[in-house]
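K.L.:
One letter stands for each residue in the lines below.
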Amino acid sequence: QQQVKQSPQSLIVQKGGIPIINCAYENTAFDYFPWYQQFPGKGPALLIAIRPDVSEKKEGRFTISFNKSAKQFSLHIMDSQPGDSATYFCAASIGTSGSRLTFGEGTQLTVNP
Amino acid sequence: EAEVAQSPRYKITEKSQAVAFWCDPISGHATLYWYRQILGQGPELLVQFQDESVVDDSQLPKDRFSAERLKGVDSTLKIQPAELGDSAMYLCASRRDSSTDTQYFGPGTRLTVL
Chain A
3 QQQVKQSPQS LIVQKGGIPI INCAYENTAF DYFPWYQQFP GKGPALLIAI
53 RPDVSEKKEG RFTISFNKSA KQFSLHIMDS QPGDSATYFC AASIGTSGSR
103 LTFGEGTQLT VNP
Chain B
58 EAEVAQSPRY KITEKSQAVA FWCDPISGHA TLYWYRQILG QGPELLVQFQ
108 DESVVDDSQL PKDRFSAERL KGVDSTLKIQ PAELGDSAMY LCASRRDSST
158 DTQYFGPGTR LTVL
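Order-wise, the sequence lines are chains A and B. When you line the first sequence up against my numbering, it's residues 3 to 115, in that order. When you line the second sequence up against my numbering, it's residues 58 to 171, in that order.
The hints are simulated quantities; they were obtained by calculation from the structure and are not laboratory data. Check the hints yourself; a few may be wrong.
Listing some non-contacts, in silico: residues in chain B with all C-beta distances to chain A over 12 angstroms [as the list claims (entries may be wrong)]: (1) S73; (2) S123; (3) K135.
No more than 27 angstroms apart at the CA atoms, straight line, and that leaves these computed lysine-lysine pairs for DSS-like [unchecked claim]: (4) K68(B) - K44(A); (5) K59(A) - K73(A); (6) K7(A) - K60(A); (7) K72(B) - K135(B); (8) K72(B) - K44(A); (9) K135(B) - K119(B); (10) K135(B) - K44(A); (11) K59(A) - K70(A); (12) K119(B) - K72(B).
For every residue, glycine included, the Cβ atom is placed at its ideal position computed from N, Cα and C.
Please model the complete structure; the sequences and the hints are all you need to start from.
P.N.:
The structure is reproduced here in structure tokens:
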């Protein structure tokens, strides 16, 4: 059962643009929502994460927006650069119990120079 | 900066052969996870250890997959016999303890079954 749905599957923006990636979840027990960045042939690397007690979190050029009532969250990348070209995964877990991460399907982002 | 180590990075095997992957988590991390990532998809958990104990292996195909973490430090994931559908990236991740949610991933082992 797919519990985290991610869109779009792929995204192309120009340098300086603001790509937005969206995720929706089903399990209301989830309380930890990280975003991972993955380059080809590498393992996922944590970018930023949020808990449902806040509606927005910003770290550098990356911002998560969280809507608990809609069970949705999104990643915004400000002033995107070609080096941001990668696959981005949203995920969710019951963080306090250290449970498995349930990942979305991934979004392949291309930032053109 | 401490990292999760995995070996080998790449493995090519023929179907019906046995393969094994090794993971060394970040020092002091109590929780260890093995995920499988099929090309073009997100990782999916195979097995989770807390110290040396298995706490979640509900998605592990136990007829052919086994995992162990005997001393609660490093871990081995084994497949015997390998099937064509096992071709994937096998990722190990670790978490320090219950005070943090963050899981850190290793570089993965890319398995190709011919």
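K.L.:
Hint by hint, say whether it matches the structure.
P.N.:
How the hints compare with the structure:
no.	hint	verdict
1	S73	holds (27 angstroms)
2	S123	holds (19 angstroms)
3	K135	holds (20 angstroms)
4	K68(B) - K44(A)	holds (15 angstroms)
5	K59(A) - K73(A)	holds (16 angstroms)
6	K7(A) - K60(A)	holds (22 angstroms)
7	K72(B) - K135(B)	holds (14 angstroms)
8	K72(B) - K44(A)	holds (25 angstroms)
9	K135(B) - K119(B)	holds (10 angstroms)
10	K135(B) - K44(A)	holds (21 angstroms)
11	K59(A) - K70(A)	holds (14 angstroms)
12	K119(B) - K72(B)	holds (17 angstroms)
In this structure, every one of the numbered hints holds.
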